[in-house]
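Chemist: As you go down the protein sequences, you meet chains A and B in turn. Residue numbering for the first sequence follows the numbering used here, starting at 306 and increasing by one per position. Residue numbering for the second sequence follows the numbering used here, starting at 9 and increasing by one per position.
It should be emphasised that the hints constitute simulated quantities derived from the structure, not laboratory data. Idealized CB from N, CA, C, for every residue including glycine. Don't take each hint at face value.
[Stated by the list, open to error] Pairs of lysine-lysine, DSS-like flavour, derived with a Cα cap of 25 Å:
1. B:117 / A:314
2. B:15 / A:398
3. B:12 / A:510
4. A:479 / A:490
5. A:498 / A:509
6. A:398 / B:12
[What the hints assert, rightly or not] The following label-pair restraints were derived from C-beta to C-beta distances:
7. B:198 / A:494: 35 to 45 Å
8. B:149 / A:348: 19 to 29 Å
9. A:372 / B:52: 34 to 44 Å
10. A:484 / B:15: 42 to 52 Å
11. A:377 / B:117: 18 to 28 Å
12. A:395 / B:187: 44 to 54 Å
13. A:361 / B:118: 55 to 65 Å
14. A:574 / B:69: 44 to 54 Å
15. A:480 / B:127: 15 to 25 Å
16. B:155 / A:337: 21 to 31 Å
17. A:345 / B:117: 30 to 40 Å
18. A:499 / B:151: 50 to 60 Å
19. B:198 / A:309: 10 to 20 Å
20. B:151 / A:316: 32 to 42 Å
[To be verified] From the derived model, a few chain A residues whose C-beta atoms are all more than 10 Å from chain B:
21. 320
22. 342
23. 344
24. 348
25. 353
26. 403
27. 492
28. 538
29. 559
30. 573
31. 581
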Amino acid sequence: MIHLSNKRKWIPYLLIIPSFSLICIFKLYPIFTTLVESFIVDSQFTFSVFSELFKDDAFWNSLGVTLKLNVVMIPLQIIISFGMALLVNSAVKVIGVFRTIFYLPVTISLTVACLLWNMMLNPNSGVINSLLGIFNIPMQGFFTDKNQALWCIIIVATWKGVGYWMMFLLAGLKNIDAEIYESAKIDGAGWLKTTFQITLPLIKKVLLFVFIANTTSNLLLFIPMQVITGGGPQGSTNVLMYEAYKSAFKYGDRARSSAIVTILLILIVAACAVQALMLREKEKS
Amino acid sequence: MNRKIKKNVMTCCIYILLVIILIITLFPLFWGISASLRDNSELFQYVTPFSLNTFVPLKMTIESYIGLFTDYNFLQPILNTLYVTIMSIVLGCVVNSVAAFAFAMFDFKFKNVIFMLILLSFMIPFEAIALPLYQVADGFGMVDTHAGMIVPCIASGLVLFLFVQFFKDIPPSLLEAGRIDGANLAQVFFRIMIPLSKPIFITAGLMIFMDQWNSYLWPLLIARSKDIRTIQISLTAFQTEHATDWSSLYAASILSALIPLALFFPFQKYFVQGITSSGVKG
C-alpha cells in the first residue's frame with residue numbers, strides 16, 4: 306500500500322469514479338429496476354404481475370422447457386468437460402495440439418455455431434441426415450421436429466461450450482501435486498478410485514465455480530432460440546429467457562418481462578445454492 | 009513387461025478418445041469451410057449419398073467470399089464491429105486499470121464496500137439486465153448509436169478484478185523505490201506499473217475483444233439500423249434476408265469466425281492464463 310498524505314486522500318476516489326459510476330449506471334441500476342418493475346405497478350407494491358404470470362399457460366410451458374433443458378445440459382456439459390480435462394491433462398505426445406483444437410469452438414461465437422449447425426441439421430439437405438443415411442437411419446426433422454428441437458439445441462450449445470469449462474477444470478488439475486498421484490499409485494489405488502477420491506475433492510473449488518458459471522449461462526441461454534427455432538416448433542424450445550425477450554420487445558409488456566427475469570434470477574440463485582451445499586456436504590463426509 | 013503393455017493400451021485408448029473428440033470438434037468447422045468454397049449449384053449435389061465429394065468440393069471457388077463484399081456489403085458490419093471492439097478495448101483498459109490501481113495500491117474509506125459492489129456486478133449475467141439496460145441506454149439517447157454498444161460495456165467487474173489481482177503481485181518495494189526517487193503517482197503508474205503489466209493488458213484486451221466481437225443480444229437490441237449493425241447481427245439478418253444463398257452464408261460465418269481466431273492464436277497463452285487466473289485456483 307502506498308501511503309497518502311491527508312491532502313491527497315481524494316486521489317483513489319478520483320481513480321475509481323469512472324468505472325464505479327459506469328458499473329452503477331449500466332449494471333447495478335438495471336438489476337434494481339428489474340426487481341422494482343416486477344413488484345411495483347402504479348407505484349404500489351403488488352404481486353399482481355406474478356399472479357397474472359402464474360395463470361398463463363405459456364409461462365408454465367416455458368418454465369418446463371427451461372428446466373428440462375438445464376437438467377440435461379448442465380450435468381452433460383460438466384461431465385464431458387471434466388472428461389476432456391482429464392484427457393488433455395494426460396502426458397502423451399502432441400497433447401498441446403489437441404488442447405488448442407478442443408478450445409477452438411470457444412473462440413467462435415454462438416451465433417456462428419448456431420448458423421453452421423442449423424445448416425448441417427437441415428432436414429432436407431443437411432449433412433447430418435446424409436451421415437445417418439449411411440447407417441440406414443431415416444431422415445430426421447431435427448430443429449423442425451418438436452420432439453427433437455430441444456435436444457439439437459443441447460448438442461449445439463454443448464459443442465460450443467465444453468472447451469471453455471474444460472480450460473478451468475484443467476487449470477484445477479494442473480494445480481494438483483503430482484506426488485499425491487504417486488503415493489496413490491503406490492497404495493494400489495485404481496484409476497476410478499483415484500479420480501473420484503483424490504482428483505475430484507482436490508479440484509472442488511474450481512468445480513464449484515464451473516457449476517455456478519455454467520448454470521448461470523445455461524439458464525439464460527437465448528441465442529439458439531432467437532437464431533434457429535424462434536421458440537418453436539410449438540413452443541418446444543421456448544425457454545424463459547426467450548419468453549422474457551418476446552414480452553419486452555414483441556408484446557411491449559415490460560412488467561411481465563421483468564417478472565420473468567426475476568424468476569430466472571431466483572432459479573439461478575437457488576440452483577447455485579444447492580450446488581454449493583452439495584459440494585460442501587461432500588467435504589464433511 | 010506386463011505393465012508396459014498395459015501402459016501402451018492405456019495410451020492407445022487416450023488417443024482414440026482424443027481423436028473422436030477432435031473429429032466432433034472440427035467437423036462443423038471443416039464442413040463450413042468446405043461448403044463456403046463451393047458454388048451454390050454444387051452445394052447440395054453431393055450431400056447425399058455420402059461420399060468423398062460430400063466433403064471435398066469438385067470446383068474450389070472463393071466466389072462466395074468475394075460476393076460477400078461486392079453483393080452484400082459485408083465490409084460495413086466488419087468495420088462497425090472493429091470500431092466498437094477497438095474503442096471498447098482502449099476505454100475498457102484505461103478505465104478498469106486506473107480503478108484497479110487505486111484498489112491495489114491505496115487504502116481508503118469504503119474501499120471494501122465499493123469493491124464488493126463491483127464484484128457483485130460481474131456475477132450479474134448480462135442477459136438478465138439487457139432488457140432494463142435498454143431503457144437506461146434509451147434515456148442517454150444511445151439507441152442506434154455506436155456509443156450504445158461501447159459505453160455500457162466499458163466498465164467490467166471481471167476485467168477490473170483481473171487487473172487488481174495482477175497489480176497486487178507487483179512487489180511494493182519497486183513502487184516505493186520509485187517514490188523515493190521522486191516520481192509522482194502518475195509517473196509510478198505509467199513508468200513502473202504499465203511496463204510491468206503487459207501480460208494483463210493483453211489478457212484484458214483479448215477478453216474485451218472476444219466479448220464484443222461475439223456479442224449478440226445487446227447489439228440486437230441497441231443497434232437496429234442496417235448501417236451500424238455489427239457482424240453477428242448481420243449474419244443472422246443474412247440468414248433471413250438471403251435464405252437461399254447458402255454458400256454465402258457459410259462464407260460469412262467462416263469469415264466472422266476466422267478473424268478472432270487469427271487474433272487468438274498468437275495470444276493464446278495469455279488468454280488461457282487470463283481465464284484460468286480469474287480467481288479460481290484449485
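Chemist: Each of the hints needs a verdict: does it hold here or not?
Modeler: Outcome of the hint check:
1. B:117 / A:314: Status holds; Cα separation ~9 Å.
2. B:15 / A:398: At roughly 14 Å apart (the allowed maximum being 25 Å), residue 398 (chain A) and residue 15 (chain B) satisfy the hint.
3. B:12 / A:510: Violated: residue 12 (chain B) and residue 510 (chain A) sit about 35 Å apart, past 25 Å.
4. A:479 / A:490: 18 Å, holds
5. A:498 / A:509: This hinted pair holds, its Cα atoms lying about 16 Å apart.
6. A:398 / B:12: Distance ~17 Å between residue 398 (chain A) and residue 12 (chain B) Cα, so the pair holds.
7. B:198 / A:494: 35 to 45 Å: With Cβ atoms ~54 Å apart, the hint is violated.
8. B:149 / A:348: 19 to 29 Å: This hint holds: roughly 26 Å between Cβ atoms.
9. A:372 / B:52: 34 to 44 Å: About 38 Å separates the Cβ atoms of residue 372 (chain A) and residue 52 (chain B), which means 34 to 44 Å holds.
10. A:484 / B:15: 42 to 52 Å: Violated, at about 20 Å.
11. A:377 / B:117: 18 to 28 Å: Violated, since residue 377 (chain A) and residue 117 (chain B) (Cβ atoms, about 49 Å apart) do not stay within the stated range.
12. A:395 / B:187: 44 to 54 Å: About 49 Å separates the Cβ atoms of residue 395 (chain A) and residue 187 (chain B), which means 44 to 54 Å holds.
13. A:361 / B:118: 55 to 65 Å: 44 Å, violated
14. A:574 / B:69: 44 to 54 Å: Holds, since residue 574 (chain A) and residue 69 (chain B) (Cβ atoms, about 53 Å apart) stay within the stated range.
15. A:480 / B:127: 15 to 25 Å: 22 Å, holds
16. B:155 / A:337: 21 to 31 Å: 23 Å, holds
17. A:345 / B:117: 30 to 40 Å: At 33 Å between Cβs, range holds.
18. A:499 / B:151: 50 to 60 Å: 56 Å, holds
19. B:198 / A:309: 10 to 20 Å: Since residue 198 (chain B) and residue 309 (chain A) have Cβ atoms about 18 Å apart, the given range 10 to 20 Å holds.
20. B:151 / A:316: 32 to 42 Å: 36 Å, holds
21. 320: 4 Å, violated
22. 342: For residue 342 (chain A), whose nearest Cβ neighbour in chain B is about 7 Å away, the distance does not exceed 10 Å, so it is violated.
23. 344: Holds: least Cβ distance 14 Å, greater than 10 Å.
24. 348: 17 Å, holds
25. 353: The claim holds: residue 353 (chain A) sits with its nearest Cβ about 19 Å from chain B, beyond 10 Å.
26. 403: Non-interface label fails for residue 403 (chain A): nearest chain B Cβ at 5 Å, not farther than 10 Å.
27. 492: Non-interface label on residue 492 (chain A) holds, nearest chain B Cβ at 17 Å vs cutoff 10 Å.
28. 538: 17 Å, holds
29. 559: 7 Å, violated
30. 573: For residue 573 (chain A), whose nearest Cβ neighbour in chain B is about 8 Å away, the distance does not exceed 10 Å, so it is violated.
31. 581: 13 Å, holds
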